[in-house]
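**Q** Residue numbers (the working numbering), protein chains in the order written: chain P, 231 to 654; chain U, 231 to 654; chain H, 231 to 654; chain D, 231 to 654.
All clues given are correct.
Each pair may be met inside one copy or between any two copies, as identical chains are not told apart.
Below, in silico cross-link-like pairs of lysine to aspartate or glutamate (DMTMM-like), each with a Cα-Cα straight-line distance of 20 Å or less:
1. Lys303 <-> Glu364
2. Lys303 <-> Asp351
3. Lys597 <-> Asp434
4. Lys303 <-> Asp359
5. Lys597 <-> Glu423
6. Lys597 <-> Asp653
Note that these hints are calculated values from the structure, not bench results.
Protein chains: 4
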Amino acid sequence: MNIAPRTQPMPVFDCTQRVLRYQQVRDVTTGLCHSLTPEDMALQSMPDASPAKWHSAHSSWFFEHFLLAPYLKDYRPFDPQFNYLFNSYYYTVGGMHPRSERGLLSRPDVAEVAHYRAHVDEHMHKLLDARGREPELAYLTTLGLNHEQQHQELLLMDIKHLFARNPLQPRWRALPAPVSTSALPLKFIPCPEGLLPIGHAGSDFAFDNETPRHRVFIQAHALANRLTTNNDYLEFIRAGGYSAPALWLSDGWASVQREGWNRPLYWNQDMTAEFTLGGERELDSHAPVCHVSYYEADAFARWAGARLPTEAEWETLAADRAIEGNFMEQGRFHPLGASAVAEPPYQMYGDVWEWTMSPYTPYPGFKPLAGTLGEYNGKFMANQMVLRGGSCATPREHVRASYRNFFYPQQRWQFSGLRLAQDA
Amino acid sequence: MNIAPRTQPMPVFDCTQRVLRYQQVRDVTTGLCHSLTPEDMALQSMPDASPAKWHSAHSSWFFEHFLLAPYLKDYRPFDPQFNYLFNSYYYTVGGMHPRSERGLLSRPDVAEVAHYRAHVDEHMHKLLDARGREPELAYLTTLGLNHEQQHQELLLMDIKHLFARNPLQPRWRALPAPVSTSALPLKFIPCPEGLLPIGHAGSDFAFDNETPRHRVFIQAHALANRLTTNNDYLEFIRAGGYSAPALWLSDGWASVQREGWNRPLYWNQDMTAEFTLGGERELDSHAPVCHVSYYEADAFARWAGARLPTEAEWETLAADRAIEGNFMEQGRFHPLGASAVAEPPYQMYGDVWEWTMSPYTPYPGFKPLAGTLGEYNGKFMANQMVLRGGSCATPREHVRASYRNFFYPQQRWQFSGLRLAQDA
Amino acid sequence: MNIAPRTQPMPVFDCTQRVLRYQQVRDVTTGLCHSLTPEDMALQSMPDASPAKWHSAHSSWFFEHFLLAPYLKDYRPFDPQFNYLFNSYYYTVGGMHPRSERGLLSRPDVAEVAHYRAHVDEHMHKLLDARGREPELAYLTTLGLNHEQQHQELLLMDIKHLFARNPLQPRWRALPAPVSTSALPLKFIPCPEGLLPIGHAGSDFAFDNETPRHRVFIQAHALANRLTTNNDYLEFIRAGGYSAPALWLSDGWASVQREGWNRPLYWNQDMTAEFTLGGERELDSHAPVCHVSYYEADAFARWAGARLPTEAEWETLAADRAIEGNFMEQGRFHPLGASAVAEPPYQMYGDVWEWTMSPYTPYPGFKPLAGTLGEYNGKFMANQMVLRGGSCATPREHVRASYRNFFYPQQRWQFSGLRLAQDA
Amino acid sequence: MNIAPRTQPMPVFDCTQRVLRYQQVRDVTTGLCHSLTPEDMALQSMPDASPAKWHSAHSSWFFEHFLLAPYLKDYRPFDPQFNYLFNSYYYTVGGMHPRSERGLLSRPDVAEVAHYRAHVDEHMHKLLDARGREPELAYLTTLGLNHEQQHQELLLMDIKHLFARNPLQPRWRALPAPVSTSALPLKFIPCPEGLLPIGHAGSDFAFDNETPRHRVFIQAHALANRLTTNNDYLEFIRAGGYSAPALWLSDGWASVQREGWNRPLYWNQDMTAEFTLGGERELDSHAPVCHVSYYEADAFARWAGARLPTEAEWETLAADRAIEGNFMEQGRFHPLGASAVAEPPYQMYGDVWEWTMSPYTPYPGFKPLAGTLGEYNGKFMANQMVLRGGSCATPREHVRASYRNFFYPQQRWQFSGLRLAQDA
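Start from the sequences and build out the full structure, keeping to the hints where you can.
**A** Printed below as a string of C-alpha cells:
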C-alpha cells in the first residue's frame, strides 16, 4: 500500500520526539473540551456542525482506522461499531452514520469517548515506538495530526454556533480582554505580473490539494495592506449594502433573501456587540470583520470598487512572510485589530481566514492520495471557494503559504473575513 | 381569578397528605431518569419529541408559573429566562423557545435542572403546607401533578424513540422477562343502542376536555373482546396490507408512500423482533400490536371487515370496569398478551392506548379552563384522533373511563394499538 | 356487479327525458369554459387545483370508465392512455398521473379534449337510449352527472385562483352588478334538544356519505339568523384577530404564521376590494364573508363569543326549508347580501358553503359504494371538515339538506363562509 | 450612457442590411414555435425552464426595454405591465414576476404575445432605419439578437423537457432520420505547455464574459480526438458507475442519491432508446452522450482514468478550427456521431456543449457592461461550470472559440456532453 501522492516526497516526522509530539497535538483537543459539559459535547446545532464528542471520537477513529488497524499487529478495535459511527465521509471504508444525525447519538457517552481516545493513544504510542521511523507511518501520523488540528478548529466553530443558538448565551471560556487598536489607513500594495510558482514545495508535510507546485501567470494587481474591518463593513451596511441586489452575485442575493441576512453572523441586532467564545462583547471597530460568507465578502468588495484576491495572488504575496499572527496558541480565540508596528501587509496569517475569489479546484496534475485517503480532499472540489491564511482558531503550525481551506459560498460559521484586491 | 371550568366542581385533593402526594408524583419523574446519562437527557430525536431534561424542567416550570408565582408570597423565580425556555405552548404567557429547537439547549445542564426541580419542590412544600387546603390551590396542584404524569409517559416515548435511532440500540433499563401468553379467540361483545351519558361525572379530578358529561345516542354495535395482536397484524402485512391502497384512507396512503411504512414502528426488518425500552426483544405473537398510527389501525380494521370503535362506544363499555391492567407501576414498560383468567373485554385499561375513530372535538357545552390554562387542551381540537384506556407507560391513577388522549393520525411513537368494533 | 350501497334504494332517474337531462348537465361545463383561452384551460395554479381542461376530460372519463366501458357493447375507449391521464384518485382502476403534475400536460390539447367530450356524449346517448331505464344505469348516470356538477364548481374555484395569481388579474366573465343590501341585525334562533334524524331519506339520489339516515341526540342550542358578513369579519381583523394566538386552534395559528394570513383570500391589501370571477370589485360590507378557512371561521367564532354549528344542528334547521338562494343558475358567481324580505334563517342555501365544527367522518352504519366507486367519498374521511348548504358556484339541483361537502381546515379557495352558533 | 465594456471595441453591425438581419434572427424564434399549440407555449415543466410564450415575450421585451424605450422618440410601451411580467432577472430595472411562476400566466395569451412581437419588430425597424448606424445602437441590437439566440436554444431545451414529462410523449417536429455512423477509436492529441492568450479578440461581437483577452499558462496535456459516445457511457454504467461513490465528487454523489440518477436524462429505462425533439428514437451507440450533468461527466472521466479539459485547454485547441458542425441550422436538433472524414479533433463545435472543469469566474480585469446590462453575465459567476462549443440547438453564428456557456453542475436538460482530457 502506497498512500502518499505520487508527486510528493515523504515528509520528515521528528522521529525522536514522535510520541511526545503526537500526544501534544492530541492533548490540545482534550484541552479545548475542558470547560464543556457532557450535554455541550453531545449536541449538534445544524447539519453543517458536529457535536464536540463526535469530533473527539472521529479524530481518534482516524488513527485507529488508518494506522492501528493496518499497522499494529493484533490490534483489536475498541468497538467495531465505531467504524460506522465515526467514519465521516469515506465511502470506500463502508457505511457511515448520516452527518445530519450525529446529534442523535447520546451513546457512546462522553466518558466512553474519553476511554476510546485513551485506548487509541495508548496503542498509537506502542506503534510509534516500534515503527514510527518508517516513512509511511511517519507520513500517516502527520496526516492524522493535521486532521486532528482541522477538527480542533471545527470543534470551536461548532461550539460557538451551538452556544449562540442558546438564549442563555453561555460562554465557552473567559477570554482575555481585547487589546485596544486604532484605525489603519487602507492602502494597496502593487504586485507586478509574472509567471510564478504556487503550491507546496519541499519535503515538509502538506495536503495533497496543495500539490503539485506549478506555474501560474498572474496579471499585475494590488492587494490591500490590511483586512477589511468591522468599521469598513458597517459603512457598507449603512450604505444599504444588504438591500442593493446589484452588488450581489445572483446566488448571493438569493441567500440574502432566503436567510434574511442583514449583518455578519453573531452580531447583535443593533450592531454594537458580537457573540464570541467568551460571550457577548462590544464590537471592536478596528478588528477585522469575521463570520461573513463569500457572498457577503464579494458584495462588500464590489461596493468598495475592488474585488477579492485570487488564491495565487494571495499566496505569492504571503510566500516569503513569517507565519506569525493571532493563532489558537495566543488564546484569544477572537480576531484582533492590526498592529501598525508590524510591516504591511498586515495579518496575512491568523485572525481570520481570507476569502479568495478562487473556486476550489484541483491544481494541474493533481493526484489525490491513493486508496481511501484519496477521499480526504479531492472529492470536495466543486462549489466551494478557497480561503487562505488561518484564523484565531487555527493552530499556528497547521498553516503555511500554500494551505488551502475551503467552504461553500453561503457558509459563515467559520472565522472568515476578507482582504481587498484590485486590478492594476 | 377563577381557573376551574364553570361546569366542573372543585376536585377533592387529599389535604392531609398533600406534600407527600405531591412529592410521590414528582419523584416518579426523577426515577424514570435514573439510568439516563446527561447526554441522553439533552437530545431531541425529532420535532415531535423533547429531551428528557426539557420534560423535567417544563413540568417544574408548570408549578412555578401556575402556583408559586401567583400564590407564594415573595417567591422569586429560579431563573427568569426559564419562563421563555420551558414554556411549552402557552402563548398567553409570552414568547417561548421553538419546539423544534429544544434539543439545542446544552444549558441549563442536567445538574442545574435538578437544582431547579429541588427549588420548585421546596417552595411547593411551603405553599402546600400553608395553603394546600384551599380549593383553588388543591385543584391547580392536582392539575400540575396530572400534567407531570403526562410528561412521564412522553419522556418514556421520547427516550425510546431516541434510543431506537441510535445504531448502538442502547436500552433504557433491563426489563422483566415477558410472561408467556397464548392465543385468545376473537369474539365480539354485542352492545345495544341507547341514549347514554359520557364524559366525566363526579367531583374527582378530570381534564376540561372530559366535560361536560352529556348524552349521546349510540347505535347498536359490538366491540372485540380483546386487542388486536401482533399475530393479527402480521397476517394483515402478509396479506399485502401495506401495498393495497383500497384499504387506506387517502391521507393514510400518502403517509405510507411518503414514509415508506411497511410495518409498525420499532419492529425489525424481518419482523421477528421489536425494539423496547429494554432493548431488542423477540416479538410476542399474542401481545397487542403497538406503535401503529391511526392510519394503520384504520386500514387493519377495514381489512378485517370491521372498524374502530367510537370514543362513546369505548367509554360506555369501559365505564363500569375496574381500572386494572399493565400500567407504568407494573414496571414492564411494554404491552403484554391478555390473560384469559380475566373476564372479557380484556385489557380495556393499560398495555396500549386504543385508537378510536372519533376525531378529538369539544363535547357539547365544552368550556376550556379560564385564562392561560384554557390553552391546555382546547386548542388541539383539530386534526387529531382520540385514544382511550392508557398504556404500559401510563401511571395507573392517571386514567379513567372518560380520559381522552389524542394524537395526530400519522403519529406512532406513542404506545398505541387497537380494538376492533362492528356495526350490529 | 352491485354498485349501489346496501342501505340505499335505487334513485329515480327521469327515464323519458334522460338524454336531454344528461346533455343539459354536460353542456353547463362547456358553457363555463366559453370565455377561456386554451392557455387558461391548461394551467394549474397550485397542487390543490386542476386545469379546466383536466376537469373537462376527467368528468368525461368518469362516464367512459364507469358506464361506457362496462355497459356499452363493443365500446372502444377514445384513447387508452386517457385512463391513466384522467383518473383522479381511483387506485383500484390502476395507475394515475400525479395530481401535482396535471398542469404539465399541454397535450391532449383543448381541441382534442373537446373531441373526447363529444365522443363520450355520443356514446352515452346510445347507451341511455338503449338501457337508460335500467336502475343500475340510471343510478350510475345520475352519479356521473352529480360528479360533473362537483367539477363545475371546482372548475370555477380553480379558474378564480389561477386568475388571481396573474398580475394582469384577468376576469372570467363580466358579472351582473351587485345588488345593494343593508345591514341585518344578528339574532340567534333557539333550537331545543332532541333525538333527531339526520342523513338522506327517500329514494332520490344522494351520495353514499349522506347515508344511512340515523338518529343523533342534539343539545339545546341556537343558530344565527344570518351569515357572518364582511363587516363582521372586518371588525374581527381590526380588533387584532390575526395576531391573537389565544383565539386560534394550535394548527390554525401555525397556518397563520406559515402563510402570513391577515385577511380572507382574494381581498386586496387595504381591504376595500376583492378579486371575483368578474375581476376586482368593491367589498360589499353586508355580503357574507367568503374564502375563509376553517381555522379563520373558528377563530372568528371564538372571538365573537360563539362557535360554529355542528352538521347535525345545521341539517335539522335546514331540513324543512325550501332550497332557494344564490346558486350558479343565478349567474352571479359571487355571494350576495341577505334580503330581509325572506324569513330567517337567511341564506341557509347558496351564496357560501358554511363551515361546521364537524369533522368529516362516516355516519354510523356507513357503507361505501361497492367496488371502485367506494373510493368516491369514504377514503377522505380524515382530517377534513364538513361544510353545508352550497354556494353561488353550486348548481341548485346539486344540493339538499343532507349534502356533505368537505375540505381541509386550511383550504380557502372554495366559496366558504360561516354562520355562528351558541350553546343554549 | 456608455453601455459597452471599457475594454471592448464597438462591434461592426452590418448597417446596410440591418433590418433584414434583425428580422432573420427574430423569425427563427417564431419558426421554432410553428408546431406548438397555445397550451404547449404556456406551460412550465420545472422552475429552471420557462414557457415558450415567455421566451417569445421576454426576448421582445429586451428590445423594448434596452432599445425602443431609451432611443425611439415618443415610443409607448405595448403594455406597461409587461415590464414586470417579462423582466427576467434585471433587479436594476425594478420588480419582476417570480421565475417559478412563469407557468401561471395564461394571459397574455399566445395571440397577444404575437402582437407584442409584431409591435416591437415594427418599431425596431423604424429605429434601425433611422439610427441603426450609430455604434451604440448597433452594439445593443447585436446584443439583443445574441440574447434572442440564447433564448432560442433555451426554448428548445424547455419544450423537450415539457414533452418528456408528458406520458403521451408528444414530438415537437418530425426530424430527419439519423445518419448511420461507426465507431472511431479514442486517441489523445498532445498539446505542449505554453503561455497562451484566451478570450475574445478583435472587434466582432462577443459577450462581456469573454473579455478581456489575457494570457494563461497552460501545462502540457492532451485532449481526446472525439466526444464521449453513448457506447462509452453505457460501459461506465454497466461497470457500476452510478453505484460507486469513489468515482464522484461529494456533491455529485449527493445528487445521484437525491435524484435517483442511473442514466442520462431522456434515456428510457432499458437504455435502448432516448426521447428527442422528434419523439423517442433508438439510441445511437456512436453518437455523443448528451444530457449529462457536470457531476456525471466528471465521474465518467474519473472512471476512464482521465479528466475534463479546462476551458483554456479547450479554447486554445479550438481557436484555429473552422466553426462547422451540427448546429441548429442543420435541422437535426439532435447530436450525431462523428464522421471520420473530417480531421480530428472531431466535433469541437456543434452537437453537444462540452463540459469543462473550469468554474465560471471572471477573467482577470473583467468589467461587466455598464448599467443594467451589467447584470447580464457577471452576477452568475458562482457555482456554475463553463461549457464550450455549442450544440445541435445552437445557431451557428452564435458561437465562437471564446464563447462561454455556463450551467450549474447538477443541471442536465441542456444539450451537454463531454470530451476527455489528460495530463501530459
